[in-house]
Amino acid sequence: MSSQARIAKVSNRLYWLVSAVLLAAPVGVIWAFGYAFAHPDFLLTTFPNLPPETQITPLKSGLVIALGAFTFLPLLMAFVHMRGLFGRYRRAEILTNPCAQHITRIGQWLMGAAGMALALPTLQGLALTFDNPPGARVLSISASSNTVAVFLIAGLLTVIGWALRDAARIADENAGFV
Amino acid sequence: MAVEIIVRLDVMLALRKMRSRELAEAVGITEQNISLLKSGKVKGIRFETLARICEVLDCQPGDILEAVKTG
Numbered sequence: 002m003s004s005q006a007r008i009a010k011v012s013n014r015l016y017w018l019v020s021a022v023l024l025a026a027p028v029g030v031i032w033a034f035g036y037a038f039a040h041p042d043f044l045l046t047t048f049p050n051l052p053p054e055t056q057i058t059p060l061k062s063g064l065v066i067a068l069g070a071f072t073f074l075p076l077l078m079a080f081v082h083m084r085g086l087f088g089r090y091r092r093a094e095i096l097t098n099p100c101a102q103h104i105t106r107i108g109q110w111l112m113g114a115a116g117m118a119l120a121l122p123t124l125q126g127l128a129l130t131f132d133n134p135p136g137a138r139v140l141s142i143s144a145s146s147n148t149v150a151v152f153l154i155a156g157l158l159t160v161i162g163w164a165l166r167d168a169a170r171i172a173d174e175n176a177g178f179v
Numbered sequence: 012m013a014v015e016i017i018v019r020l021d022v023m024l025a026l027r028k029m030r031s032r033e034l035a036e037a038v039g040i041t042e043q044n045i046s047l048l049k050s051g052k053v054k055g056i057r058f059e060t061l062a063r064i065c066e067v068l069d070c071q072p073g074d075i076l077e078a079v080k081t082g
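Protein chains in written order, with our numbering: chain A, 2 to 179; chain B, 12 to 82.
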């Protein structure tokens, strides 16, 4: 099998997989909202280090979920561009400027998602404890190895996207040669 | 004064009494590319292609390409 045929075949499968993820994502967010309102106490297990004075209200749990959903947006945008990229790859449109742009955008949106993941626990901690008495409010900053890995992958994809833009230009130039 | 490269492939084909399709087959490129080459609608020609054309038409690159002053 030629490399172009392999790219088209694998991309076709990934295209449908990403499409399914994009369809399932809103359902997941709606389910999370519903679950948060129905079981507000789940936040106590999610945030075990909350001060005992913290009261979990439907408003707070909704706010925490909304923040989580908001941070999911960059990831969703990365998936949208992934779908676009695989859509082009499965049509055997490989070394083109739009493909390079998709890869750059995936990298940039993943960078945004990693940034959001970094800020999310801080914002959620503040949302849960903003009405606590002084001294019982939480301001936490944390970074996991996963976040660092996503940052690195996002940076790599962005740079590969820029490099591919150059490759697409050269391929376009070569196409003009007989 | 600018110089433009003109492709004289049609002249050589006429001299050798050869059709574009025959040349394309002998050189190993598509007839469409030969047509683009004849009309000068290409950015460039690879040395490899030029060598094959010269071999098939028994000519020199200068017989096919000509630098013409314009303007």
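Derived from the structure by calculation, the hints contain no laboratory data. Among these hints, one or two may not hold up.
SDA-like, lysine to any residue: derived pairs with alpha carbons at most 20 Å apart [as the list claims (entries may be wrong)]:
id : chain 1 : residue 1 : chain 2 : residue 2
1  : B       : 54        : A       : 76
2  : B       : 52        : A       : 177
3  : B       : 49        : A       : 96
Short, incomplete list of chain B residues facing chain A, as computed with Cβ under 7 Å [what the hints assert, rightly or not]:
id : residue
4  : 49
5  : 50
6  : 53
7  : 57
8  : 62
Far from chain B, by Cβ distances over 10 Å, these chain A residues were calculated [said to hold, decoys possible]:
id : residue
9  : 3
10 : 5
11 : 30
12 : 57
13 : 84
14 : 93
15 : 119
16 : 133
17 : 138
18 : 139
19 : 161
20 : 177
21 : 178
22 : 179
Model, not experiment: these values are computed from the prediction. Heads up, the beta-carbon is just placed ideally off N, CA and C, and yes, glycines get one too.
A quick look at each hint next to the structure:
no., hint, in the structure
1, B:54 x A:76, "41 Å, violated"
2, B:52 x A:177, "8 Å, holds"
3, B:49 x A:96, "28 Å, violated"
4, 49, "10 Å, violated"
5, 50, "11 Å, violated"
6, 53, "5 Å, holds"
7, 57, "6 Å, holds"
8, 62, "13 Å, violated"
9, 3, "19 Å, holds"
10, 5, "18 Å, holds"
11, 30, "50 Å, holds"
12, 57, "67 Å, holds"
13, 84, "34 Å, holds"
14, 93, "18 Å, holds"
15, 119, "47 Å, holds"
16, 133, "69 Å, holds"
17, 138, "66 Å, holds"
18, 139, "63 Å, holds"
19, 161, "27 Å, holds"
20, 177, "3 Å, violated"
21, 178, "5 Å, violated"
22, 179, "5 Å, violated"
Comparing the model with each earlier hint shows violations of hints 1, 3, 4, 5, 8, 20, 21 and 22; every other hint is respected.
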